[in-house]
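Asker: Here's the letter readout for the chains.
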Amino acid sequence: MRRGRILGAVTATGLELHGVSKSYGSLVAVRGLDMAVRPGEVYGFVGSNGAGKTTTMRIVLGTLFADHGAVLWDGAPIRFEVRRRIGYMPEERGLYPKMRVGEQLVYLAQLHGATEAAASSAVDRWLTKFGLKDRARDEVQKLSHGNQQRVQLAAALAFEPLMLVLDEPFAGLDPEAVDSMSVVLHDQAEAGIPVLFSSHQLELVERICDRVGIIQKGRLIAGGTIDELRSHGPRQLWVDAPAAPHGWTDALVGARQVRVDGSRVLLELDPGADDQAILRAAMATGPVREFGRNLPSLLDIFREAMTESAAAAAS
Amino acid sequence: MDVIQGGVLHTVFLIVRREFLTRARSRFFIIGTILLMALMAGYVVVQAVFISKAVTTVNVGFTGSAQALAQPLSQAARSATLKVDTSTWPSVDDGLRQVRSGKLDALVSGDPGAPDVAVMNDLNPTVTATLDALVKQVVLTRALSTAGVQPGPIESKVLGAGINLQVLDPNAKVRTEREVVGVFVAILLYVALLMYGQIVAAGVVEEKANRIIEILLSTVRPRQLLFGKVIGIGLLGVVQLVLVGTVAVIAVLKTGVVSVPSIEVVSALGGLLWFALGFVFFALIFAAGGSMVSRQEDLGSVTAPISMLLVGTYLAYFWVVSNPTNPAAIAVSLLPPFAPVLMPARMATGDAAAWQVGVAIVLMLAAIVGTNWLAARIYVNSVLRVGTRVRWSQAWRGAD
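So the sequence lines, in the order shown, correspond to chains U and H. Per my numbering, the very first residue in the first sequence carries number 69; after that it's consecutive. Per my numbering, the very first residue in the second sequence carries number 3; after that it's consecutive.
Don't read these hints as lab results, they were simulated from the structure. Backbone N, C-alpha and C fix where the C-beta goes; we use that ideal spot for every residue, glycine too. One should not assume that every hint holds.
[As the list claims (entries may be wrong)] In silico contact screen, one side only, chain U against chain H (beta carbon under 10 angstroms); selected entries:
id, residue
1, Arg126
2, Phe148
3, Arg151
4, Arg153
5, Glu160
6, Arg161
7, Gly162
8, Gln172
9, Gln178
10, Leu179
[What the hints assert, rightly or not] In the SDA-like style, the derived pairs of lysine to any residue whose C-alpha atoms are separated by at most 25 angstroms in a straight line are:
id, chain 1, residue 1, chain 2, residue 2
11, U, Lys201, H, Leu16
12, U, Lys166, H, Leu386
13, U, Lys166, H, Arg27
14, H, Lys85, H, Ala70
15, U, Lys166, H, Arg225
16, U, Lys166, H, Val240
17, U, Lys166, H, Ile32
18, U, Lys285, H, Arg387
19, U, Lys166, H, Glu299
20, U, Lys166, H, Arg297
21, U, Lys166, H, Ile36
22, U, Lys166, H, Phe15
23, U, Lys285, U, Val139
24, U, Lys197, U, Phe238
25, U, Lys166, H, Glu208
[As the list claims (entries may be wrong)] Distance ranges between label pairs, derived from CB positions:
id, chain 1, residue 1, chain 2, residue 2, range
26, H, Arg225, U, Tyr92, 19 to 25 angstroms
27, U, Gly118, H, Ile36, 50 to 56 angstroms
28, H, Ile252, U, Lys201, 43 to 49 angstroms
Here chain H stands alone, though its shape is the one from the complex (with noise of 0.2 angstroms):
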C-alpha cells in the first residue's frame, strides 16, 4: 500500500519536527534568540570599552624651560595602563586656565630643576613620582657638572641600576580571560539546561493538559514520543546555542577582548557538547516529572528538585573554578549531573586535562543511559493518568 509508510525511525523524524518547527516558528522563540544575541553583542562590547577605559590618559601641559622634561616625562611614564599626553603653552597663565577647566591635569612651569607643578587637586602619582625622578636628574646632573664631573658615565650606571623583575606566571593575563570565559559558559550552559529543560517538561504537560496524548498513544508508542520531544527541542537548543555563540566569538573577534582566540573557540565546542549530553540528561528526567502532573500549574511541584539540581551545579562551579587543583572539587567536576555545567567551565579555564574531559564523558554517557531507562518507564506510566498528580509508587510500577 503506497500510502502508508512509517518505520520507528520516521515516527520519531516527525515528531522532532513538530516538536522543532512550532517552537522554532513561535515570536517568543525568534524575539528571545535576537535578544540573546543582541545582549551578547552588547555584552562583549562593554566589556572592551571597559578594557580601554583601563588605560588612564594624563594631560599634562609644559611652558617655559619645563619644556625640556616633557619627552622624558611621556617616555618613562608610559605603560600598559598609563599613557601620557605633553603639550606647550605660552604663559603659565594659558596654562592655568586649561588646568582649570578640566582639559590639563597638571601644568609644569620653570626652572626644570625645580619645577612648579599645578594641578586642580591631585596627580597620578605615577606621573608624580617620575616627575620627581626626572627633576632629581636634572639637580644631580647639574651638580656632577658644577663639580667638574663628567656626569655621563655615572648617569649610566645610575640607569642601569634597578630591580629584577621575577615573572612567576606569564599567563595570569590570559588565565584572568579564561575565567571570564569560563564563568561565561558556566552561565550559559546553567540558563539553557535549566530553560530548555522546562520547556520539555512544558510540553509534556500540554499534551496531557489537552488531552490530545490520547490520540498520540493510540499511534505511536510512548517512548518514540518522549525521544521525538527530547531531541526536537534540544535541537532547538543547540540553534539557539550556536546563533548566539557564533555573535559571541565574531564579537569577540572583532573587539579584540580576549587575547587568545582559540579559548573562545575550544570554549563554543565544548560548551555544545556538554549541551548535549547535559540537555539529554536533564531532558529526560524534566520529561518524567512532567509525565506526573495534568496541569501547567502544577509543573512547579515537580520541576522545582530538578531545577534545584541545577543551580546547584552552577554554584558549585565557583567553589571548583577557586580550587582548580583540589582532588575533591576535579572529581565533582567529572560527575554527572554536575559534569555538563562544571566541565566545559573547566575546559575554557584550561583547567580540565584530556582524560578528565574523556572520563566525564564516559559517565554522562553511562548516566544517560540509567536515566533514559528510568524517567521512560515513569514517563510510559504516567503519562496517560489524568488527574491528581501521579504518585511515585504508581509511577514505578505502573500497577494501580
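This is chain U alone, in the form it adopts within the complex (with noise of 0.2 angstroms):
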C-alpha cells in the first residue's frame, strides 16, 4: 500500500524534488529544480553533459547533500528506509570484478534489505531471464561489456525496488540490448514503480518516456509529457501543393514560410491563425498531396528549448 498525502487537492505520491541547488564551490550544478515521478511513469531526463543529471540523481539517492531544498517521498520527506531500496545504476558501472555473478547479486540485494531467500529467488528470476543463469557461479570479470550491463541492471531489480533510477542506462548497448532494457523498464513501471533515467538518446527517450525534463546549467528548462512539450512551440505546418507558383506563401495571412523540401514547404503560424484558411489558398493553387501538423521530435524541442533558454539568459 502506497502511503499518500494530500497536498492543496493532489495526493502527492512517488518523488518529489522542490528547489533543489546543489553547488560545488562557485560551480552551480543544480539551482532551483523542481520536478516529479509518478508511480507508474517513465521520466526520461534528458540534458548535455554537465547539465546536473548525475548530481540531481546522487542527490534522490543521498550520496550527495543539496545545499537548498527538499527531496519528498509519498509527499514526506524522504528517509533512508526509502532510499536504500531505491534500485540505482550509476552512470559510471560499479561491481566486484572478482566475485561471483548470483552471490554478488544475492549480497547486494541483502545490503538494500532482502532476506536471502528472498533475494536468491529474485537473483534466480532476473538471471534467468537476462539469459545468464548459467552464469551465475562466474566471477563477473569474465562476462561480456553486455552481459555486465544486465549484471548490472539485475542489481538495481533484484529486491522489489520502490524506484528505479538509472544513470545512462542505455549507454554502450546493442539495439536488441536497449530493446530488452525499455521492455524491463515499461514493466517496472507497470508494477507501479518510478522509474527516472537519463540518456544523451533523445530518439530513444521519446520512444519510451511518460514524461520528459530537460534539464540545462543545473536548471529545468522544460519539463511534460512529449505532447505537452510539442505544443509549447509554434504550430507548424507540412503543406505540399506542387502546382503552386513560386513564393504563393506570402500572400498566406498569419503564416510565415520557414524551410522549403522541394514542392514541400514549412509554415510556421502565428498564434490564432486559421489554418483552413491556409488549405483553401493551397487548393486553390492546384492539387494539395500533403497538409499536415509538423510534429517536432524531441531533438527540436531540445534545441529549441536550448536555445531559449540561452536568449533568456542574454537578455
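Two chains, two frames, some hints: make the complex.
Answerer: And the structure:
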C-alpha cells in the first residue's frame, strides 16, 4: 500500500524535488530544481554533459546532500529506509569484478534490505530473464561488456525496489539490449514503480518516456509529456502543393514559410491563425498532396529549449 | 513486509561476512596461510636442531692400561653442553686408524700416569683439562703411596676443595628463551598489522576504483561499510594468527624448544589481544588513507607514512627490550601507536607489570575512539570523491 499525503488537492505520491540546489565551490551544478516522478511513470531526464543530471540523481539517492531544497517521497521528506530501496544504476558502472555473479547480486540485494531467501529467488528470476542463469557462478570480470550491463541492471532490480534511478542505462548497449532494457523499464513502471532515467539518446527517450525533463546548467528548462512539450512551440504545417507558383505563401495571413523541401513548404503559424484558410489558399493553386501538422522531434524541442534558455540568459 | 529486513547490525554483519568470506576463500589466503604455518613449524624445528647441536660429543678411544682413565673421564667431563663417549681398542694402531678416519677425536694409550694422547689437530679444551687433572691425580696417588702415606683422606680433602659458584640470575636461561619469543611476537605482530592494514586500504580503494562504492553508499551508510570492512578483514587476520600460533605452540611443545611452555601460551594470548587492538587502530588509519585515492597505483603515497609508523614501532622494540627497566622505554611501550607491538613483546619477555598492561590497554582504547572519529570523518568525506587524490582540507571539512 502506498502512503499518500494530500497536498492541496493533489495526492502527492512518488518522488518530488522542490527547489533543489547544489554547488561545488563557485560551480552551480543544480539550481532551484523542481520535478516529480509519479508511480507507474517512466521519466526521461535529458541534458548535455555537465547539465546536472548525475548530481540530481545522487541527491535523490542521498550520496550527495543538496545545499537547499527538499526531496520528498509520497509527500514526506525521503528517509533512509526508502532511499536504500531505490534501485540505482550509476553512470560509472560498478561491481566487484572478482566476485561471482549470483553471489554478488544476492549480497547487493541483501544490502538493500531483502532477506537471503527473497534475494536468492529474485536473483534467480532476473538472471533467467536475462539469459544469464548458467553464468551465475562465474566471476563478473569473465562476462562480456553487454552481459555485465545486464548484471548491473539486475543489481538494481533484485530486491523489489520502490523506485528505479538509472543514469544513462542505455549507454553502450546494442540495439537488441536497448529493446530488452526498455521492456524491463516499462514492466517496472506498469507494476507501479516510478522510473527515472537519464540519456543522451533523444529518439530513445522520445520512444520510451511518459514524461521528459530537459535540464541545462542545473535548471529544468522544459518538462512535461512529449505532447505537452510539442504543443509548447509555435504550430507548424507541412504543405505540398506541387502546382503552386514560387512565392505563393507570401500572400498568406498569419503564416510564414520557414523551410522548403522540394515542392513541400514548412509554415509557421501565428497564434490564432486559421489553418483552414491556409488549406483553401493551397487548394486554390492546384492539387494538394500533403497537408499536416509538423510534430517536432524531441531533438527539435531540445534545441528550441536550449536556444530559448540561452536567449533568456543573454537578455 | 516479510521480504524486507535490515537493522544497522544486520547490514554490518552482511558486509563483515562478505569481506571475510571472499578473502578467506581466495587462493592467496589459503596458500599464504599454509605457507606461514609451514614456515612457523620449520622455524621451531630448526631452533630445536640448533639447541641439540649445542651439546658437543667428544669420542675418546682408550687402549691398554690407559683404559683406567675412561670411566673417570666421561664422568668428570660431562656437563650440559659436553658429552664424552669412550671406547676401547685392541691396539694402538687400530685406535690411530679411527682417529685418522675421524671416528675418534682422540686416542689415549700407555701408562695412565703419563699417557700418550693422539689427536688429528686439537682436542676439546675441557676434555684436555679434565684428562690432565686425572693424570695428575694418578701421579699424586702413586707418589703418596710410594711415600707411605694413605692417599684416601688426602684425596677426599683435595676433591672436596673447589670454588663456590654464586648464581646471580637462576632465570637467565629462561630469560633468553623469553627474549627469543618476545622478538618473535614483535615481528609477527608488526608483519600482521602491516599486512592486514594494507589489505584494508586496498579494499577501500578497490571499491572506489571499480565504482561499486556509489551503489554501496546508496544503500549503506559509509560508517557501516567502513566498520564492516575493518571487522571482516580483522577477523581474517585473527583466524590466520590463531592457525599459525597453534602450529607454533604445538611445534614448541613437541620439540621442547622452550623449557617453560606457559610462556608460549601467555605470549600467544597476549599477541592476539594486541593484534585486535592494534589492528582496529591501524586499520582505521589505513582505511582513511585508502579513501583519499581512487587507484591502487596511488595507494602507496598515502599508506607509506602509516607503514613508516609501524616500522618505527618495530624498531623501537629493540631499544625497549634491551633496556627493560629504563623509564623512558617503559613509557614508550605504554603509548599508542607503539603499544600494540611493544606490549605483547614485553609481556612475552616477562618485563611488563600487570599495571603497565592495564594502562596500555586503556590508552589504546582511548586512541581507538579518537582514531575512529577522525578516520570515519576522513572516510565519509573522501570515499565518493573519484579522480585525483583528495586534499587534506577536503577530507577534513567535507566542503568543496
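Asker: Now look at each hint and say whether the structure bears it out.
Answerer: Against the structure, the hints come out as follows:
no., hint, verdict
1, Arg126, "8 angstroms, holds"
2, Phe148, "8 angstroms, holds"
3, Arg151, "7 angstroms, holds"
4, Arg153, "8 angstroms, holds"
5, Glu160, "4 angstroms, holds"
6, Arg161, "7 angstroms, holds"
7, Gly162, "3 angstroms, holds"
8, Gln172, "9 angstroms, holds"
9, Gln178, "5 angstroms, holds"
10, Leu179, "5 angstroms, holds"
11, U:Lys201 to H:Leu16, "24 angstroms, holds"
12, U:Lys166 to H:Leu386, "21 angstroms, holds"
13, U:Lys166 to H:Arg27, "12 angstroms, holds"
14, H:Lys85 to H:Ala70, "18 angstroms, holds"
15, U:Lys166 to H:Arg225, "24 angstroms, holds"
16, U:Lys166 to H:Val240, "24 angstroms, holds"
17, U:Lys166 to H:Ile32, "16 angstroms, holds"
18, U:Lys285 to H:Arg387, "21 angstroms, holds"
19, U:Lys166 to H:Glu299, "19 angstroms, holds"
20, U:Lys166 to H:Arg297, "17 angstroms, holds"
21, U:Lys166 to H:Ile36, "22 angstroms, holds"
22, U:Lys166 to H:Phe15, "21 angstroms, holds"
23, U:Lys285 to U:Val139, "20 angstroms, holds"
24, U:Lys197 to U:Phe238, "18 angstroms, holds"
25, U:Lys166 to H:Glu208, "11 angstroms, holds"
26, H:Arg225 to U:Tyr92: 19 to 25 angstroms, "24 angstroms, holds"
27, U:Gly118 to H:Ile36: 50 to 56 angstroms, "52 angstroms, holds"
28, H:Ile252 to U:Lys201: 43 to 49 angstroms, "47 angstroms, holds"
The structure fails none of the hints (numbered hints given earlier).
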